[in-house]
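K.L.:
Residue-level listing of the chains:
Protein chains: 2
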Amino acid sequence: MPYLQIDSQKFLHNYQIILNTIAPKNPEKIAIVLKDNAYGHGLKQIAELAKRVKIQNAFVKNTYEALEIAPFFSYIAILYPHSLPYDSLFKEALQSPNIYFCAHSLESLKNYPKGTKIELKVDSGMHRNGIAKNTLNQAFKLIAQNALELKGIYTHNGFGDDFGSEFYTQNTEFLAIKEESLKLCAHYNLPRPRFHSLSSSGAFRAKDTQHDLQDDLFRIGIAFYGYLCQDSAFATLNLKPIAALFAQKISTLMLKSNARIGYHGVSTLKENIVSTYDIGYGDGLFRLREGMQVCSAEGFRILPRASMDCISIESAQEEVCVFNDARIFAQAFGTIPYEILSHLHAYIPKVII
Amino acid sequence: MPYLQIDSQKFLHNYQIILNTIAPKNPEKIAIVLKDNAYGHGLKQIAELAKRVKIQNAFVKNTYEALEIAPFFSYIAILYPHSLPYDSLFKEALQSPNIYFCAHSLESLKNYPKGTKIELKVDSGMHRNGIAKNTLNQAFKLIAQNALELKGIYTHNGFGDDFGSEFYTQNTEFLAIKEESLKLCAHYNLPRPRFHSLSSSGAFRAKDTQHDLQDDLFRIGIAFYGYLCQDSAFATLNLKPIAALFAQKISTLMLKSNARIGYHGVSTLKENIVSTYDIGYGDGLFRLREGMQVCSAEGFRILPRASMDCISIESAQEEVCVFNDARIFAQAFGTIPYEILSHLHAYIPKVII
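Residue numbers (the working numbering), protein chains in the order written: chain B, 1 to 353; chain W, 1 to 353.
No wet-lab data here; the hints were simulated from the structure.
Please note that the accuracy of each hint is not assured.
Each computed SDA-like pair below joins lysine to any residue, with the alpha-carbon atoms no more than 20 angstroms apart [said to hold, decoys possible]:
1) B:133 - W:256
2) B:133 - W:255
3) B:110 - W:1
4) W:44 - B:347
5) W:133 - B:254
6) W:91 - B:349
7) W:256 - B:173
8) B:350 - W:347
9) B:133 - W:259
10) W:110 - B:318
11) W:183 - W:135
12) B:44 - W:347
13) W:110 - B:319
14) B:350 - W:64
15) W:350 - B:89
16) W:110 - B:1
17) W:350 - B:346
18) B:256 - W:133
19) W:350 - B:90
20) B:133 - W:272
21) W:91 - B:1
22) W:110 - B:317
23) B:44 - W:346
24) W:256 - B:166
25) B:110 - B:147
26) B:133 - W:265
27) W:350 - B:64
28) W:133 - B:316
29) W:133 - B:272
30) W:133 - B:257
31) B:110 - W:319
32) W:133 - B:265
Rough simulated footprint, nothing fancy, chain B against chain W, three-plus residues with beta-carbon under 8 angstroms [to be verified]:
33) 82–89
34) 156–163
35) 259–273
Yeah, the Cβ is synthetic: ideal placement off N, Cα and C, and Gly gets one too.
Can you make the complete structure from the sequences, with help from the hints?
P.N.:
Here it is, written out as structure tokens:
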């Protein structure tokens with residue numbers, strides 16, 4: 001069977017880099033983003049690793065994920081609570097003392113029962129999710145009217161990976177949102193919520209500026225898994241990819257070199273041996289197609305076209321490492337490591353070393 | 001929440017086309033391929049639809065899938081039994097009277113307990129999975145020695161979508177494999193197994209030739225879901241995609257037209273309104289990136305870059321249909337509808353209409 005090997009030492013290594021770089025004196029400011037099955041790495045497995053380094057705060061996608069890891073953290077925020085049905089799990093999450101519900105719109109504030117713990121998302125210039133700044137007043141009114149507990153106010157800086165000025169413009173805008181929110185808290189006699197705006201790249205980028213002081217929390221996702229979008233800018237950080245994808249041999253054929261392999265015979269053997277391995281695009285691995293040149297971590301050629309449940313590789317090994325750095329696949333498909341990893345289906349077993 | 005709507009009428013329509021075209025007088029020859037969560041469409045939901053039209057045979061990926069649908073079919077073959085751990089589910093499947101285990105290598109024949117029901121995969125020229133033809137003798141010897149029950153002998157024709165002669169070469173090779181197998185059955189006093197080699201495109205292509213007579217079964221996957229790889233060749237068949245992906249609004253922002261949206265602000269609004277919808281690449285939807293132009297089924301622009309948990313669309317509708325034909329996404333990403341659909345994560349709710 002295929003499996004995703006998670007290297008706990010590399011996770012701890014990344015944690016130390018993150019801590020030392022962005023919050024050496026405030027480890028409690030480091031929150032881990034575990035949404036989407038921990039970016040495909042295994043929700044519970046990564047939650048356990050995060051618990052080892054005493055991380056208190058986690059962010060997940062939905063109610064299912066929140067309940068799965070509720071015992072591991074002091075506080076869990078559900079970023080997209082309505083992405084699963086309003087069912088018994090949802091109600092259980094509503095009653096959990098350490099689970100917060102993120103709200104992206106005024107409408108969503110109207111539907112929660114009294115006492116629901118809310119994190120309010122505000123748009124600070126990325127123009128994606130969240131309420132507009134000029135509706136903060138209305139949001140506070142709804143929160144007060146419905147007796148919701150306002151636990152946090154946050155935004156997402158969409159320019160952490162870039163080098164333009166928008167990153168600073170957004171941070172400045174969030175400072176203004178923070179100031180206005182604090183006035184509204186005073187007006188409605190609400191306790192001060194936590195404020196956060198920066199994810200991996202942004203937190204690294206903001207270090208040593210006034211902006212890193214404004215936040216109570218840094219939402220660190222991809223850096224824990226060993227990647228950053230703009231590798232070059234933070235290459236000296238030496239983050240290490242924690243996941244390696246392995247697959248097992250299904251069958252081996254001895255053939256003439258130059259034999260044509262797979263659908264439409266689009267690949268031609270250089271060696272006289274080829275094996276299939278038990279992972280394919282049906283498992284969420286991206287499908288190699290004609291013209292693409294990707295090798296396994298050991299350097300064996302993976303032969304297009306990939307199949308739904310297997311790939312052909314010029315190797316006779318019992319096991320191959322399909323990748324130990326998702327950037328190889330990301331580059332071949334013109335995408336980012338996050339997508340390569342989060343597409344992998346959750347049933348692929350995780351093995352912690 | 002997002003959901004995948006499955007149109008039962010379209011499924012029945014496709015079934016009629018498949019039946020009328022490839023086996024009008026032998027409906028029992030139509031087997032359905034339900035592997036990989038029914039190509040992302042929902043294993044149990046599609047199994048129920050297949051039961052309505054009295055399909056007796058199904059093919060799945062692993063032991064988990066086989067057990068999930070065991071009550072629905074007379075016979076279920078597990079194409080990749082070792083893609084999940086050898087656990088209690090595996091043992092349960094071994095003891096099920098209607099579950100067959102596909103074997104791709106001589107080695108795999110050595111490990112099954114006495115009486116295991118085997119389908120033997122043989123390479124007929126695609127050079128992917130299965131034993132080589134010249135090892136058939138050894139395979140039969142192992143089957144007899146280990147007292148396995150040989151239920152089927154099959155291959156996969158990798159040229160069904162193409163127009164070269166290899167398709168016929170492979171069919172001829174499988175005929176030779178069949179003849180030799182029947183001799184070996186006689187020699188070892190084994191009952192005649194079933195023979196099958198053709199999937200959707202191959203079965204359509206082979207109709208009215210001698211090759212469609214040689215098989216006891218046609219393994220139909222993608223055609224049931226409304227697609228074929230080479231659309232043009234079988235366009236007159238008028239298969240209908242059965243799945244439509246819907247997403248719900250998370251939040252709406254009123255902005256100036258020309259406002260820049262999302263990560264790095266790579267998209268520019270034409271309208272003055274934009275909303276986010278609750279599906280992203282973390283759900284297995286392919287990630288739109290800069291330069292790509294894809295619209296929802298209603299014609300609303302989906303704005304790159306897509307996020308992990310949401311997409312921005314120039315719309316204010318409460319719900320959008322992200323696609324009702326996976327070919328739109330397949331084309332944008334240079335891939336096939338199978339991949340677009342099978343990457344979707346299984347937790348996305350399925351709604352049968």
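K.L.:
Hints the structure violates: just list their numbers, smallest first.
P.N.:
The structure breaks none of the hints.
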